[in-house]
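K.L.:
The listed protein sequences derive, respectively, from chains A and B. Using this note's numbering, the first residue of the first sequence is number 1, and each one after it goes up by one. Using this note's numbering, the first residue of the second sequence is number 1001, and each one after it goes up by one.
There may be inaccurate statements among the hints.
Computed cross-link-like contacts, BS3-like style, restricted to lysine-lysine with a CA-CA straight-line distance of at most 27 Å [to be verified]:
hint: 1; chain 1: B; residue 1: K1149; chain 2: A; residue 2: K34
hint: 2; chain 1: A; residue 1: K121; chain 2: A; residue 2: K186
hint: 3; chain 1: A; residue 1: K34; chain 2: B; residue 2: K1330
hint: 4; chain 1: B; residue 1: K1012; chain 2: A; residue 2: K121
hint: 5; chain 1: A; residue 1: K121; chain 2: A; residue 2: K31
hint: 6; chain 1: A; residue 1: K215; chain 2: A; residue 2: K121
hint: 7; chain 1: A; residue 1: K186; chain 2: A; residue 2: K139
hint: 8; chain 1: A; residue 1: K215; chain 2: A; residue 2: K186
hint: 9; chain 1: A; residue 1: K139; chain 2: B; residue 2: K1363
hint: 10; chain 1: B; residue 1: K1278; chain 2: A; residue 2: K34
hint: 11; chain 1: A; residue 1: K194; chain 2: A; residue 2: K31
hint: 12; chain 1: A; residue 1: K194; chain 2: A; residue 2: K136
hint: 13; chain 1: A; residue 1: K186; chain 2: B; residue 2: K1205
hint: 14; chain 1: B; residue 1: K1011; chain 2: B; residue 2: K1149
hint: 15; chain 1: B; residue 1: K1276; chain 2: A; residue 2: K180
hint: 16; chain 1: B; residue 1: K1012; chain 2: B; residue 2: K1086
hint: 17; chain 1: A; residue 1: K34; chain 2: A; residue 2: K194
hint: 18; chain 1: B; residue 1: K1205; chain 2: A; residue 2: K31
hint: 19; chain 1: A; residue 1: K34; chain 2: B; residue 2: K1011
hint: 20; chain 1: B; residue 1: K1299; chain 2: A; residue 2: K31
hint: 21; chain 1: A; residue 1: K31; chain 2: B; residue 2: K1330
hint: 22; chain 1: B; residue 1: K1278; chain 2: B; residue 2: K1299
hint: 23; chain 1: A; residue 1: K121; chain 2: B; residue 2: K1276
hint: 24; chain 1: A; residue 1: K136; chain 2: B; residue 2: K1205
hint: 25; chain 1: A; residue 1: K31; chain 2: B; residue 2: K1012
For the record, the hints were derived by calculation from the structure and aren't laboratory data.
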Amino acid sequence: MAFIVVWGAFFLSATLLFSSRANEDLLSLQKVMKETDTWESYESSQRLYLEGEEEIRITSLFHQEPYLEHVVSQVRLTEDEDFKFEVYFNPEVIYIHTLNTSQWNKTDYTNSIAGELEGMKEPMVFWNRMLNHAQKIRKEQIADGEDHYILTLNPFRDEVHGFQFNEIASAQMEAWVTNKPNRLNKIMMVMHLKPNILRRYNQITYTTSFSNINKAHEIELPEDAQEAKAIN
Amino acid sequence: MAKKAGYKFNKKQIFVFVHIVHGVLILIMLLSGLFLYVPELRTFLSSFRAEFVNLHSAAGIVYMIFLLFALPTIIQYGRLHRRWQKTFHLCLQLLFGLGWVSSGIYLWISPNTYLSIRQAALFIHDILSATIVPWVFAHIGLWYARKYKKTKRIPKLISTDSAERDRGMMISRRDVLLMFFGSVVAFIAGGLYQWYQPLSEEIMKALQAAKTRGYFRIYSIRRENPIFERESWFLNIDGLVDNPSSFSFDELMNWEAVTFTSDFHCVTGWSVREVKWKGILFRDFMDYVMPTSEGRYVKMYSADQLYSETYELSQLLESNVILAYELEGKPLIEDQGAPLRLFHPNMFGYKSIKWLNRIEFVKDRGLGYWEEKESYDINGYLN
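One chain only, chain B, in its complex shape (with noise of 0.2 Å):
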């Protein structure tokens, strides 16, 4: 019995209590990880994506301090239930709360140093997501149809003896606590097996032909994408030039175009190594429109009307820097900012502008869509 201000918690109350903020605190995270996962939804609450950000890291913090603070009272439940459901319903939640903590904890962090890591954290805390909603649809079913008699529950084997208390069962509460705590340990082996492993052939392979690793998230500020039409588009370019140019997509095709293979980094956390880029490098607009030299800035604009980006012109004339078109050897498709967009090798994706139809010289620098809106570094540079 619990005491609290003069009024007496039994036991069943503080499991209720313990077992709805455990289910609030995963709705919170589900929903605030599903506004960070899928494009749509991400779009829809575009300006309060940060939030969301911080909402979720939040949740998971306190998530983190509510399991540890539960768990002698979990522990507790679970030695007052004993039947195995019971207890593989308890284990699997635990395991969850281990796997999310642990890669969230990780994805927050999120070190450069080892890709993989970061990119295996990043699977497991999708997996886990994705797993735990048809369970919780699956829990809740349950509990409805026991609570109007729509299922019996197995009669509850009563022995204080331990050698008969799980006779005559397919499972008992003993196996399940060894299958999962067993499986901890052999993913953790897993892991370490692994990472203890010599070069592997394949990582040498992989030297000579530069293989995709990792996965793109694809963002976005609205909701639908531009829509491009090869006869109707066009690249402008404006502002403090002394030759304003406008060009068709198939007159930037007969334009000379560099191919090389950079990694790219988003801000949030997550990479994909070697990515091979096709497009046209920045600096040769220069010798056709000609900036003044006032036109020290550079701004650049999507074609949602919306999202818009600032550079000082000298960042733009780094090494690598292109107007690109193809990704990968295919065509940018709409998600990837068809049918142009900017990539800065040395810069977070976010300065990599997306459906680029404009391109402005202005003398002054502004701010970009998320320098203004959540204080992103101006510069965005990886390092």
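Looking at chain A on its own, in the form it has when it is part of the complex (with noise of 0.2 Å):
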């Protein structure tokens, strides 16, 4: 009785002082995912698809120090017909140039469409909110000192970009870490909804990923901003 009493104590001791893999590899995943935040500049491309066809297509190029950000937004409406928009964020005043229209718009940052074009240019936050609903997630090294990353997530109701993700019956989330700086380079996620006679896809694939960081291209505002109507 004596020696189960001091071996249950050392097991007990032990797993209170050591943590899981998983735990661990979910919060190495998480830092380098919020070390995004410090990166002073870099590209991104963010994509969309349903079924295997793109269907809305971002890519920005943003700097920290002065604040600047371009996004161009591509969502597809028909088999052959898109709209396409850019978007420059400077620090007082938002930018938007409709190019299947060529209308260049201004607007503050107290506009509530401010609110709604935000959130095209901070992708990282949907990703950070998708850890929460970790269920399993597995580190394997893979060649050249990369990490990849894969989580299967529990089911959830969440929204990108305007485009609703409901009735998921799985989901499971990627991410491609280099090491040495850790950085990430690609997330991603694949989604299977439950069937559904209305809609006519069942699998949704969104990705982001991260080019040029540190060292992305500078950003010029078109002349033609400075004849940009004012929304109110």
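Join the two chains into one complex using the hints; note that each chain is given alone, in its own frame.
P.N.:
Below you can see the structure in the form of structure tokens.
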């Protein structure tokens, strides 16, 4: 009996002292994801596919100091028609250029539209939220000092760029991180939806990839933006 | 019997030799470890701290090799001295040795991948070191008492029959061996069991509410910390700037502050995760003091009048580089560098100078305190 108490105490102390690999991997991934906030500049590409067909494409060019961001959004409307617009975020003013009509508009951050647009320029907000749905995590080391995280998510409801994620049967999130320095290169989620005859797709894939970290190209506001009409 | 250079050592001499060497090695490790652990002692011999780190590591390696070579002798001694108390003492020393060596090697390699293992290794290393001290004193005390006949040894039960050998005793030698072996196995099993557990609810909660993990070890190169007096304290910024300036603490409190959470990593291997910092962005001072084109480097001075650090100006303009005055929502305490310290999230802790009271813009970059003393990396980046 005494043995069992002593052994039990050692067993218990080890369980209290150590953490699980899954916990540690999740914290490591969260840390890497958070570090994107500290990047001076980067270029990113966000894509959303329905059954493998591209529905939304958002590319952005971000500079922290001085704060400036250029985002180009392309949303598929029909088989052969897209809606394209670009947004320039300045510290005080947001310039919106509708590429289909070449129209320039501007607004400040007090306008309600600013809130809608800001969602486009912060891709990591959505991904950070997704970590809260993690059910399982696995980390694999792949070639060239790159880590591959694979997460199984619990079913959730969310939204990104106006696109609703509902009726999710299963979802898997993957992240590719390079070592030395630890940097998030790409993050992807594949969602399988519950069958629904009113919906033409059962699988959604959403990806965000980063490039030119801390060495992104300069952003120049086109001269036409000076003629932008203010949105009231 | 062992034979060396024509002289025959008897078993007792060998046992005594092993015991003395073991004791000396433990003493060296404890003393050097004490200099790494206790802030006052660390400060006392600050210039030689790196030597103590090396000495400690070297003693650890020698200790490990010694244990490996001495193991057959220890087993032989254990077989000859079958009292359960002796067995307990031997097993305890081997347990300490195993714990120190395994945790020490992990801390020495210091991988960044899994913070929890590093913190656990540090805890094991510390707790074993703290536990051995009273045990050694008790061991010496018992030896002294027996030597001067102040206590009597329980008569040895002599029997060659293993079934009868431990008869009548509360604890047998076999029990002790079983308990120690089982404890090591149980500890390893507990660690492995925990390691392969799925994501815990606690960690999911911690994701949402950032929680500090780990603890700070306080480093200083002087025995006493500089004293902060709010009325007389000033931060001076001078050198190659157009507008040399001096700020009181109250004036700094009126500057716009930023708050963010970032890990703190010490170059010696320990880390504190998710530390909440508050302070003024270094780059906010640039518009005020206006460094000249020649002022490409920055030298910072500590109020202890000994410690200094140097940086490229561009390094200090990186994001979230702050002159910090709050940690975890509270003003910095003396040990943390009150009232003001630098915090650079991408550099090891030795670059985040404490008790900052002067910033000088200079033309040429000199070396900081540890770069000069111990050839630490001049930039101190984490990766």
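K.L.:
Does each hint hold? Answer for all of them.
P.N.:
Comparing the hints with the structure gives:
1. B:K1149 x A:K34: Not satisfied, since the Cα-Cα distance of roughly 67 Å exceeds 27 Å.
2. A:K121 x A:K186: Holds - the C-alpha atoms of K186 of chain A and K121 of chain A are around 16 Å apart, at most 27 Å.
3. A:K34 x B:K1330: 23 Å, holds
4. B:K1012 x A:K121: 77 Å, violated
5. A:K121 x A:K31: At roughly 20 Å apart (the allowed maximum being 27 Å), K31 of chain A and K121 of chain A satisfy the hint.
6. A:K215 x A:K121: 18 Å, holds
7. A:K186 x A:K139: Roughly 15 Å separates the two Cα atoms, so the pair holds.
8. A:K215 x A:K186: Status holds; Cα separation ~17 Å.
9. A:K139 x B:K1363: With a Cα-Cα distance of about 47 Å, the restraint between K139 of chain A and K1363 of chain B is violated, given a limit of 27 Å.
10. B:K1278 x A:K34: Measuring from Cα to Cα gives roughly 18 Å; hence the hint holds.
11. A:K194 x A:K31: 32 Å, violated
12. A:K194 x A:K136: Measuring from Cα to Cα gives roughly 21 Å; hence the hint holds.
13. A:K186 x B:K1205: 25 Å, holds
14. B:K1011 x B:K1149: This hinted pair holds, its Cα atoms lying about 25 Å apart.
15. B:K1276 x A:K180: 24 Å, holds
16. B:K1012 x B:K1086: Status holds; Cα separation ~15 Å.
17. A:K34 x A:K194: 32 Å, violated
18. B:K1205 x A:K31: 15 Å, holds
19. A:K34 x B:K1011: Not OK: K34 of chain A and K1011 of chain B at ~62 Å, beyond 27 Å, violated.
20. B:K1299 x A:K31: It is violated: about 30 Å lies between the C-alpha atoms, which goes past 27 Å.
21. A:K31 x B:K1330: 24 Å, holds
22. B:K1278 x B:K1299: 22 Å, holds
23. A:K121 x B:K1276: Answer holds: K121 of chain A to K1276 of chain B is near 25 Å, not above 27 Å.
24. A:K136 x B:K1205: 15 Å, holds
25. A:K31 x B:K1012: 57 Å, violated
Against the hints set out earlier in the document, violations occur for numbers 1, 4, 9, 11, 17, 19, 20 and 25.
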